[in-house]
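Student: The listed protein sequences correspond, in order, to chains Z and G. Letter by letter, the first sequence follows residues 1 to 430 of the working numbering. Letter by letter, the second sequence follows residues 1 to 430 of the working numbering.
For the record, the hints were derived by calculation from the structure and aren't laboratory data. Each hint should be verified, as a subset may be incorrect.
Chain copies aren't distinguished; within one or between two, either way the pair holds.
[Said to hold, decoys possible] Calculated lysine-lysine pairs in the DSS-like style (CA-CA distance at most 27 Å, straight line):
#: 1; residue 1: Lys-174; residue 2: Lys-241
#: 2; residue 1: Lys-98; residue 2: Lys-172
#: 3; residue 1: Lys-182; residue 2: Lys-98
#: 4; residue 1: Lys-154; residue 2: Lys-371
#: 5; residue 1: Lys-338; residue 2: Lys-28
#: 6; residue 1: Lys-50; residue 2: Lys-174
#: 7; residue 1: Lys-182; residue 2: Lys-403
#: 8; residue 1: Lys-349; residue 2: Lys-182
These numbers were taken from a predicted model, which means no experiment stands behind them.
There are 2 protein chains.
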Amino acid sequence: MGETVSVGLLGLGTVGSGVVQMITDHQKELQQRIGCPVEVRKILVQDMEKERDVQVDSSLLTKDADDIIFDSDIDVVIEAIGGIEKAQSLILKALNNKKHVVTANKDLMALNGGELLSAARENDCDLFYEASVAGGIPILRSLVEGLSSDRITKMMGIVNGTTNYILTKMSKNKLSFEDVLKKAQELGFAEADPTSDIEGLDAARKMVILSTLGYSMKFGLEDVDVEGITRVSEEDIAYSKRLGYTMKLIGLAKADNGSVEISVQPTLLPNEHPLSSVNDEYNAVYVYGEAVGETMFYGPGAGQLPTATAVVADLVAVIKNMRLGVNGKSVILPQNEKKLKTAEDIDSKYFLRMIVKDEAGAFSVITNLFKEQGISLEKLIQEPLVNQKQAEVVIVTHKTNQKAYEETYNRLRDLDVVVEVKSRYRVEEV
Amino acid sequence: MGETVSVGLLGLGTVGSGVVQMITDHQKELQQRIGCPVEVRKILVQDMEKERDVQVDSSLLTKDADDIIFDSDIDVVIEAIGGIEKAQSLILKALNNKKHVVTANKDLMALNGGELLSAARENDCDLFYEASVAGGIPILRSLVEGLSSDRITKMMGIVNGTTNYILTKMSKNKLSFEDVLKKAQELGFAEADPTSDIEGLDAARKMVILSTLGYSMKFGLEDVDVEGITRVSEEDIAYSKRLGYTMKLIGLAKADNGSVEISVQPTLLPNEHPLSSVNDEYNAVYVYGEAVGETMFYGPGAGQLPTATAVVADLVAVIKNMRLGVNGKSVILPQNEKKLKTAEDIDSKYFLRMIVKDEAGAFSVITNLFKEQGISLEKLIQEPLVNQKQAEVVIVTHKTNQKAYEETYNRLRDLDVVVEVKSRYRVEEV
Chain Z
1 MGETVSVGLL GLGTVGSGVV QMITDHQKEL QQRIGCPVEV RKILVQDMEK ERDVQVDSSL
61 LTKDADDIIF DSDIDVVIEA IGGIEKAQSL ILKALNNKKH VVTANKDLMA LNGGELLSAA
121 RENDCDLFYE ASVAGGIPIL RSLVEGLSSD RITKMMGIVN GTTNYILTKM SKNKLSFEDV
181 LKKAQELGFA EADPTSDIEG LDAARKMVIL STLGYSMKFG LEDVDVEGIT RVSEEDIAYS
241 KRLGYTMKLI GLAKADNGSV EISVQPTLLP NEHPLSSVND EYNAVYVYGE AVGETMFYGP
301 GAGQLPTATA VVADLVAVIK NMRLGVNGKS VILPQNEKKL KTAEDIDSKY FLRMIVKDEA
361 GAFSVITNLF KEQGISLEKL IQEPLVNQKQ AEVVIVTHKT NQKAYEETYN RLRDLDVVVE
421 VKSRYRVEEV
Chain G
1 MGETVSVGLL GLGTVGSGVV QMITDHQKEL QQRIGCPVEV RKILVQDMEK ERDVQVDSSL
61 LTKDADDIIF DSDIDVVIEA IGGIEKAQSL ILKALNNKKH VVTANKDLMA LNGGELLSAA
121 RENDCDLFYE ASVAGGIPIL RSLVEGLSSD RITKMMGIVN GTTNYILTKM SKNKLSFEDV
181 LKKAQELGFA EADPTSDIEG LDAARKMVIL STLGYSMKFG LEDVDVEGIT RVSEEDIAYS
241 KRLGYTMKLI GLAKADNGSV EISVQPTLLP NEHPLSSVND EYNAVYVYGE AVGETMFYGP
301 GAGQLPTATA VVADLVAVIK NMRLGVNGKS VILPQNEKKL KTAEDIDSKY FLRMIVKDEA
361 GAFSVITNLF KEQGISLEKL IQEPLVNQKQ AEVVIVTHKT NQKAYEETYN RLRDLDVVVE
421 VKSRYRVEEV
């Protein structure tokens, strides 16, 4: 059995406590896998006196990060404080002091992953961040190793548990967004301030990380077209069901001829799509590879122990590398120049729901507009609105490019017969 | 850029041709990932003159395996001939000649994986076999690395595409087993001799490999309780649908208190179970970890390019290890003593369908029997059979141990009021 590996832990909140618990409870199995004991040697906390869920010897606690960064006995630093500035400065300091780093910090990795990974490589240190995307699902590893031989052409992620929970409940129980959000907050599935989840920002950060790895280009948040789920209505969901679709908040990263589009938006998927059965707070990442075809990785996207599982799996990888003397060798930096698609390059089907005047010829005015723009229609529903001289029209187009679609949408809104375009969504198939 | 890595390929059938195609088509990406060119230097074939789908220079072909095994320029041998004896002797010879080996051979790995892995370790060689289970799904890597920190308590696999295709079609189109099998053979989804698929043997081999890795015990085929899908009837599927279940051929490997049960059998899953939506020829492995909870890995279980994807991903891993000088270090041998559950340790719910005499008190005779055995019932359907003095009774039990269940089953068949027990299946939930 090798010498004990010592870990310094930054933060003892939900994730940090889970890590302590796993390292304690699974000590025997960990030793079996890595051939040496692992101990948490010091823990950075804000409040030394606070009551905690997890049992830790108070002598391990410190309020001074330098006690960890400059402890020459500490081999690996686990960052679990979250946030940007402080976490970043501590990770850089740790790397520059030749400590390997494991982090679950998606905000930071999405924002400054490139810089941190370069620092890791320069210092021959590992920097792993499996837990930053889709919690307990080993998706980053699968992209980098399992699918290393293939060319990925499309990734679609349900990478935010809160919004998936909300959309699932809206769909199953025919409830409004507001009602479900309130319920989700009561149950702890949504934060008191849910903005970053429901506006799609959290998912966008994860898509930046996935896209950067999957396409080996350095993407940033500014490359992601983001839209949340706040405007999704019960009617939208009811109509999509009638047409055989399931509504999901999808992070999409799609490559064609070397150019990539990245977006997060409420999207209609055919019911048979593997992602359509991913319900409640679960996450899944669907990866399409040129050779392998369709694959999907499913599991818990958050939660104390699932996240800790990913963090400790990264720790195992670091320690295995230490024992082989190969740390820093598996740090992967983007190798291709970033190329983003233009609106002309983006092809998709679209769903549009609108209120039109219920008068002779109204419908043909609309279909003529689509025809003029070269967009053919795949599905159509027209229904009179009771007691009003209006009808509701729902259209699903065949594939068209985004430019033609946006133009059509704008002209549609100017049509006399169109009272209002109530909603529109992207429709994605395989 | 490093020196070219040379590969010797044993076999140029479906998998072998796919490997050649991927190494050729993805050369640029492979070089980017591993930092050196990869070439297929020699290929063992049976017939030098045969027409092939893939373009290969005829000077690469040989009928003599020694041309590959003893070529000192060849670093890695890819075994794609299948079968047991010859493949085994060639792999051992290659390892003993310090060549790393990648194989897709599930039969061999299930039968003699331990011996081959020991030989690899002794020779400081890698032996990878990701393609042997669930084709394009990187499940072995996920077990060993992504979930390395957790304790796995249950694995359930849809690991045979042919039987999943058959059950899906039977269920969706209300067809008989025989009709669908015939159709599947016409379409190439089932072999001319489908025995090993439909009798569950193919799935059993994969479960041996998964269980050995997941529980770090050396299992063999003799440890798997195997039953195929040939007796699954349209009526069974219709009743399971009515009760909210989906019928799947499930490879189950479940651990409780350090003891493991392994089986392959047609199983009823609740419709909401993630595996219930895995349709057609797709495969998926559901893994339950103590900390992570539910995860699932989904993708193509077979096919030329999906399998080649896994083989070439293993090749990439071998080459990365070569460049780091750490080959043979990630070979994992079972570390725990094998412990199998007894019938008393196996807990499950069960589905039973039987024909009973339609006479007063018949039903209570049956329910009394279950009560005596301490088995309570969760769901019940009783339906008179038209024009017969008989009724059909379908029962789903609550959880019970296998011993009590088998005893009940045997006594049930002896009951006067029971005409025939038509079928019985295990019911698995989370």
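Student: Go through the copies and call it for Lys-338 and Lys-28: within, between, both or neither, with a Cα cutoff of 27 Å.
Tutor: This pair counts as between: shortest inter-copy Cα distance 17 Å, intra-copy 45 Å.
Student: Is it within, between, both, or neither for Lys-174 and Lys-241, if the alpha carbons may be no more than 27 Å apart?
Tutor: Both: 11 Å inside a copy, 24 Å across copies.
Student: What label fits Lys-50 with Lys-174 when the C-alpha limit is 27 Å: within, between, both, or neither?
Tutor: neither (43 Å within a copy, 62 Å between copies)
Student: For Lys-349 and Lys-182, with the copy left unspecified, which applies at a CA distance of at most 27 Å: within, between, both, or neither?
Tutor: This pair counts as neither: shortest intra-copy Cα distance 32 Å, inter-copy 37 Å.
Student: At most 27 Å between alpha carbons: which applies to Lys-154 and Lys-371, within, between, both or neither?
Tutor: Result: close neither inside a copy nor across copies, 29 Å intra and 54 Å inter.
Student: Checking an output row: Lys-98 and Lys-172, CA cutoff 27 Å. Within, between, both or neither?
Tutor: So Lys-98 and Lys-172 fail the 27 Å test inside a copy (51 Å) and across (58 Å) alike.
Student: Measure nothing new, just compare the shortest in-copy and cross-copy C-alpha distances for Lys-182 and Lys-403 to 27 Å and report within, between, both or neither.
Tutor: Answer is neither: 37 Å inside a copy and 48 Å across each miss the 27 Å cutoff.
Student: Treating 27 Å as the Cα threshold, decide for Lys-182 and Lys-98: within, between, both or neither.
Tutor: Close neither inside one copy (46 Å) nor across copies (63 Å); limit 27 Å.
Checked against the numbered hints given earlier, this structure breaks hints 2, 3, 4, 6, 7, 8; the rest are met.
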